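Take the given structure of chain A and dock chains B, C and D to it, following the hints.
The lines below spell out each chain.
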Amino acid sequence: MVKIITPHEAVQFFSNNQTIMIGGFLNCGVPELVIDELIKTSLSGFTLISNDTGEAYKNRGKLICTGKIKKAIVSHIGTNSETVRLYNEGKIEVDLQPQGSLAERIRADGAGLGGILTPVGIGTEIEKGKQKIMVNNKQYLLETPLHADIALVYATYADKFGNLAFHGSTRNFNVLMPMAADVVIVEAEHLIDEPLSPDEVVVPGIFVDYLIDGGANGAD
Amino acid sequence: MVKIITPHEAVQFFSNNQTIMIGGFLNCGVPELVIDELIKTSLSGFTLISNDTGEAYKNRGKLICTGKIKKAIVSHIGTNSETVRLYNEGKIEVDLQPQGSLAERIRADGAGLGGILTPVGIGTEIEKGKQKIMVNNKQYLLETPLHADIALVYATYADKFGNLAFHGSTRNFNVLMPMAADVVIVEAEHLIDEPLSPDEVVVPGIFVDYLIDGGANGAD
Amino acid sequence: MELTKEQTHELIARRVAQEFCDGDVVTLGIGLPTKAVSYLPENINIIVQSENGVLGVGTYQDETTSDVHITNAGGVGVTINPGGCCVDSLMSFAMMRGGHIDVTVLGALQVDAEGNLANWCIPGKFTPGMGGAMDLVVGTKRLIVAMEHTAKGAPKILKKCTLPLTAAHKVNMIITEKAVFEILPRGLVLREISPYSSLEDIRLTTDADFEVELR
Amino acid sequence: MELTKEQTHELIARRVAQEFCDGDVVTLGIGLPTKAVSYLPENINIIVQSENGVLGVGTYQDETTSDVHITNAGGVGVTINPGGCCVDSLMSFAMMRGGHIDVTVLGALQVDAEGNLANWCIPGKFTPGMGGAMDLVVGTKRLIVAMEHTAKGAPKILKKCTLPLTAAHKVNMIITEKAVFEILPRGLVLREISPYSSLEDIRLTTDADFEVELR
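Chains as they are written, first to last, in the numbering used here: chain A, 1 to 220; chain B, 221 to 440; chain C, 441 to 655; chain D, 656 to 870.
Same shape as in the complex, but just chain A (with noise of 0.2 Å):
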């Protein structure tokens, strides 16, 4: 049974210099609560792996402009004004990642992989550092897995065994995140009473180890 916190006591889990995930893709599926909470400590210096940095004022997009963000490892930037900013005065390191790769890497990191051979980045910039592995003639470029010390994800929906759901697309990295992290907090907008079906859960409870009540059924 995992534990159900408040964003408050979800705080206590994060310290200085962390690789932090955080799913969503733009403003869709985005953990909310626990970053509000977390721009009110000193806490700084985190690396960010997320699909992109959000908007500069909204949710993900406020741990860029408040400064806590030392690096991010995402596959895009253009949507925050302060990332760009930041990163042009070379006050925050960028380390830009084809979107596919990066999804392909955080969950090698989960599956207890390696790491894979993707085709993709080959002949472009991305190739520079990486493994160059040749397979039945054609080369790939070996992406190692990515890992964190917390991932925080959104669900639409979570039991109290932690099993989560999701409604249209919300899914995108929040799926994978809770494979790769040591402790892994989920944003569920429904908190459920009763346990999802066997059928219909997407990410299993055993992923999962805290849950917030969204308060999308009116609980908190």
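Here are the simulated distance ranges between beta carbons:
(1) C:G471 - B:Q232: 40 to 46 Å
(2) C:T505 - A:I192: 22 to 28 Å
(3) A:D95 - B:G287: 51 to 57 Å
(4) C:G471 - A:R85: 22 to 28 Å
(5) A:E127 - C:N483: 40 to 46 Å
Bear in mind the hints are in silico, worked out from the structure with no lab data behind them. It should be emphasised that the depicted structure is a prediction, and the values quoted were computed from it without experimental measurement. The beta-carbon is built from N, C-alpha and C at its ideal position, and this holds for glycine as well.
Structure of chains B, C and D alone, referenced to chain A:
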């Protein structure tokens, strides 16, 4: 929109010496109707990619007993006495693969990867002929993609767009194989009129070419 | 005769729409490429994939279909057509990389006669990131670049891209308001001249050499 | 005093059951290891994973719970406990390989003082295949071998396995009807002697050398 065909019509896609993937785990979640048609034909020389070879005179197992399979790439043969006998007599080639590596190899093909690095098999016979790659001072085996001419799989539910959903432990390899074959034939226990909800689809219809009505809705 | 920006985009989008076959699974870049959906020929239905995890993207949402949890890759609310579904990022890119997308249409900063594409970075100036573009471009069965022929008068179809590449040797076709090119192993081939252009005009505004083999 | 086969298995299964902590995710080999579930201590609840794609395996089915679509890895109909779920083979093995299984209990043909395990092949005689065993063994946080101490009187705990390995250097503990061993980097350590055995008996029926450091 995918095409709905009969098991008899499905046989036209098969020809001698093809590589075919068949879903199922022992007797759970196994397509049966096309196999019953296939054993009526003179076709043979197939390479079978499947979790196991079932039981001697049941569903997939029949393909072994009727001499249709030249080579089996599977994780387990112990449950089919005929596979064991033919293997001991040197009449069938058996390429035993760790079940998780088999799953990853099928997915790698479907996902356009050149392969994946797994720690599984290091220090065992499975190493033979496989490339070893070091990542962060740890050795991994490079497992390469597996592709098939035809994937024949089971689904509990299919809508007319080819979207699939599953009940219980029937997902097994049925979920993976449709991404890794040129022609994908699905035996749907329940062929449903209304589209599955976007949130409940497990295998998107774009991977499916042909549907066979398993008849559980009495439509056949 | 001078086309407005809007007319230019409509012209390109209309031509792009001719390239789809019924049942194609298609991924469209944000902006101009997405407009092609509005000009689909009759009896041609396509399945639009959005990299953030939607298959079967329909129209933009209105008051009756509003749902904050369903967006396209640009973050805009969309509907899902009957038969569509939602997937996670891993599956979305497995579809692309695995060759399950029939046609991809993207914009470009530069494209060249070798089929190289640059659309994610202007060093020192503008680095939004590649997002999903690199995966898309590598795995798709056919890659069409749809863009204005020039940028502030400067050619965008070059002998050789100078900006960081999105992918090497992947572009199959270029559609602009002036022309349609195919990119073959032997190089760039001009296939169509728009009624709003001419061979001379195209030669003047195209940096790359090309053969002329009109259809 | 001679134990029957049934008593032997119960003795081993009871001892295995002591190794679980509340909330552990556990994978159990077919046969003897699976029996451990029947002897769980009070207040210890575990989540049993079955490699064919079930998390939270419950009991065997009866007339009221019959469902042909829910089986364990042995193909036997089982129920799913509240909070359990179904996954595909890719996810099932990602769980194993990725270190998400706390304890794995398997049988063995041979196990040795280096923690090597052989349980899938007797060349020329019996080659059922490794099934999911190799993945399980590599990824689990703790690997316990639960088996009869000898096979037809011959030792199964060897200095060095002679059969093809399932995995190298992975076994953490061996539980038999005679003894409990831990396998540490320095080698095999005898931790417990069963009331039905003695140090002399264990020495006689164990091929591997071991230290004695009883708890």
